[in-house]
Structures are given as C-alpha cells and as structure tokens.
Amino acid sequence: MSLVMGRSPAVALRYLMAIQLLSMGAMEMSGPFWPLHLREMAPMSAATLAWVSMAVYAGPLLMTMLTAPWWGRLGDRTGHKPMVVRALLALAVSQLIAAWTDSVTVVLLARLIQGALGGFIATAQAYGAGLATPAQRSSLMARLQVATAMGSALGPWLGGILFDLWGFWIVNLTTALVCVLCALLAAVALPFVKPAAPTDRQRASSKPVAPTAAERPALQAFQGLLLGILLVQAGKIMPQAFFAVYADQVLHANASFTGLCYGATALGLCIAAPLWARAFAALTPEQVLQRVKWITLACAATLALQSMSHVPAWFVAARLLWGVFLGALLPVFYTLLSRQADGHRQGWVLGAGNSAAKAGALLGTAAGALAMGWLPISEVFWPNAAVYLIVAAALHGLQRRSDTREAAS
9 MSLVMGRSPA VALRYLMAIQ LLSMGAMEMS GPFWPLHLRE MAPMSAATLA
59 WVSMAVYAGP LLMTMLTAPW WGRLGDRTGH KPMVVRALLA LAVSQLIAAW
109 TDSVTVVLLA RLIQGALGGF IATAQAYGAG LATPAQRSSL MARLQVATAM
159 GSALGPWLGG ILFDLWGFWI VNLTTALVCV LCALLAAVAL PFVKPAAPTD
209 RQRASSKPVA PTAAERPALQ AFQGLLLGIL LVQAGKIMPQ AFFAVYADQV
259 LHANASFTGL CYGATALGLC IAAPLWARAF AALTPEQVLQ RVKWITLACA
309 ATLALQSMSH VPAWFVAARL LWGVFLGALL PVFYTLLSRQ ADGHRQGWVL
359 GAGNSAAKAG ALLGTAAGAL AMGWLPISEV FWPNAAVYLI VAAALHGLQR
409 RSDTREAAS
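For the sequence shown, this note's numbering assigns the number 417 to the last residue and increments by one with no breaks.
Some clues are possibly wrong.
[Unchecked claim] Label-pair restraints from in silico Cβ distances:
| no. | residue 1 | residue 2 | range |
| --- | --- | --- | --- |
| 1 | Gln295 | Arg22 | 46 to 54 Å |
| 2 | Met52 | Ser386 | 18 to 26 Å |
| 3 | Gln231 | Leu397 | 17 to 25 Å |
Derived by calculation from the structure, the hints in this document are not laboratory data.
No experiment lies behind these values; they were computed from the predicted model shown.
The beta-carbon is built from N, C-alpha and C at its ideal position, and this holds for glycine as well.
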C-alpha cells in the first residue's frame, strides 16, 4: 500500500465515498432524459432521434475508453488525488456547456469533452486502491459500487423533478455546481497518496516482452475479466438509449416516475452489492465465476419481466430485482481485476477495466439505439435480455475450457 500523507486511510475512504455518491448522483440526474431534451431542441424523426441519442451517450464513452488507461498511468506516476480533482472539474465544465447551449452540435462537443477529461470512476478506484491492502480491495470495490449505485438511484429521481419543474438546463446547472463542490472537497479533505515505487524486478517486468508459458494463464485471466466487464456493462447500459421513450410511450409515465423507475435498478444494486461481496469473499475465482454464470441468467429473466410488465408497480419491482442481480457482477469483476496487479500498476489495470466498461457501454448504447430504431418500442427489452444469455454462454465456455486445462495438467 502506498504512503498516505495526512488523514488516516479510513477517514479518507469515507470522504471518497461521499464524493463518489454526490458526484455520480449529480451526473445521473440528466442520464435518462437526454433523448427528451434532444427532441425538444430540434424536430427530428424517430430514427434520427435514435442516432443522435446514441451519439450523445456514446461520445463520452468512446473518449473515456481511449483516455482512461493514460490518465491511470499518469496517476500511477504523480499520485491519484490530482486526477480525482481534474476529473470532477472536467465533469463540471462539460455540464455547464450543456446547460447554456441550444445547439445539438455543441451538446455533442460538451459530451466529448466530458469523456476525454473525466473518467472519474476509474480515478476514484485507483485512488482508493492506494488506501487499501490487497485483502481489503474486494470490500473497497463493493463500497465504491454502492456509492455509485446510491447516486444512480437518487439522481434520476431528483433530475426528473427538476426537469418537470424548471427544464433540462437547471438539471445540468445543478450537476455542474455539485461537481465543483466535490472537487473543492477532494482538494481539501483527501490526503495525498504517495505513488508506490516499483522495484527493479517490476520495472523489468513492465517492458513489453512476450509472456512465458507460466504467465499465459494469468494473461488469459486478465483478458477474460476485461471481456466479462465489457459484456456485462453492455447489457447494463443498453436500456439507457430507449428508457425515457419507453416509459413515456408504453408506461405513459411522467419524468419524475421515469426517474424513479430508472433509479430502482441502482437501488437494488446498492442494497445487494455488499451482500454479494461478503458471500463471495471466501470463494475461489472459479467458484465465483460459476455463480456469476447463473446470476447472468437471472438478469436475463428480470429483463424479460420488464418487457412483459406494463403495469408500473410490477415494472418498478422488476427493475429493482435486476439491480439486485447486477450487484454481483461488475464489483466482482473489478475485484478480481485489481488482484491481478501489484500496487504500482493499480491505476493502469483499473483504467483498462474501465476502458472495457466504456467499450461495453458504447456497445450497449449502440445496441439500444438500434433496438429503438428497428423494433416497436414495446419490444426493446427482449434484445437486452439476449445480451445476458450471451454472457452466460461465454462464461460457460470459459469454465469448460478451464476444466479441460486442469484435467490435462
């Protein structure tokens, strides 16, 4: 663990959780409402709206996917606290631009700036990893996921209320103010964590050389975890592109109820993630992945329920249950990924994991937009359920491959 300059790690982690909760909750206030805002900004057909919505959601994902490992590597060298402050200020600037423009093009540019200079989640994970021992990282990743989920549960609901009362510009303005306050809190309250100095052996191992036969299983495990993060995130993000339109046209819901439905999934994740972390703590990675396979099938079932539940109360219940199962997926993958690296590579490894998550989100956004453009709006959750069936099949194949390798050895 790196040297912490100032406050104790436990106190610093509490501040980090609060910053994560507030900033991610603020960012989620606008999350489900971009298609409605874009439709108000300029008249466009349903197909055009689908593509523009995809660009608004996909732009920052693509930029973060490209830049997160670079920011992580810079944080590994200089310390991750400056990266936390930088990411929060970038989020604030992008939201201010979006609040004051009436141009779809400028909105797209603001979202690209957000993705290129933001990347807060990966930065917070890397900073927290510097405060925790390897044995504590499972709990850390779950707690950070809970903080994000709590923000994701409350943010859309509060954003829906602001959207109904004052319009979308006040949602973005409020988000910007919260991010500025979080940046100030991070600058004042978070201690500087001195980067871990790599040993001579670690410096040598960082040079690009071909993996040995003994190193190939670890490399394959790393690549498998990145693939798992990509697919799971694709399924999680896919409804974002069509959710507000689905709620409006199928459930006939106002923006406040749309935000409540959207946030129910995050609430379920918030409740379940710590429980899943404790349940998986004593299991081997192979046992964890075996259980994750069945959980992905449960995710597919809850999405099928969402497609069939046109009664608002049942729909909210299905969204909540989906969040409960999601709480076992990404935190587990990030924990296993963090264990693949030593202290001086946490920023790069977690940056790579978040790049995989952004790639998955990009894939999910595109798939969601295509589903909205090509299918009746009442049927768009069925392709989303199919994504989790693909994940379960991939996990089953990886498990059989691992069993075959063990039998051969």
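**Message:** Which constraints among the numbered hints does this structure fail? Numbers only, ascending.
**Reply:** 1
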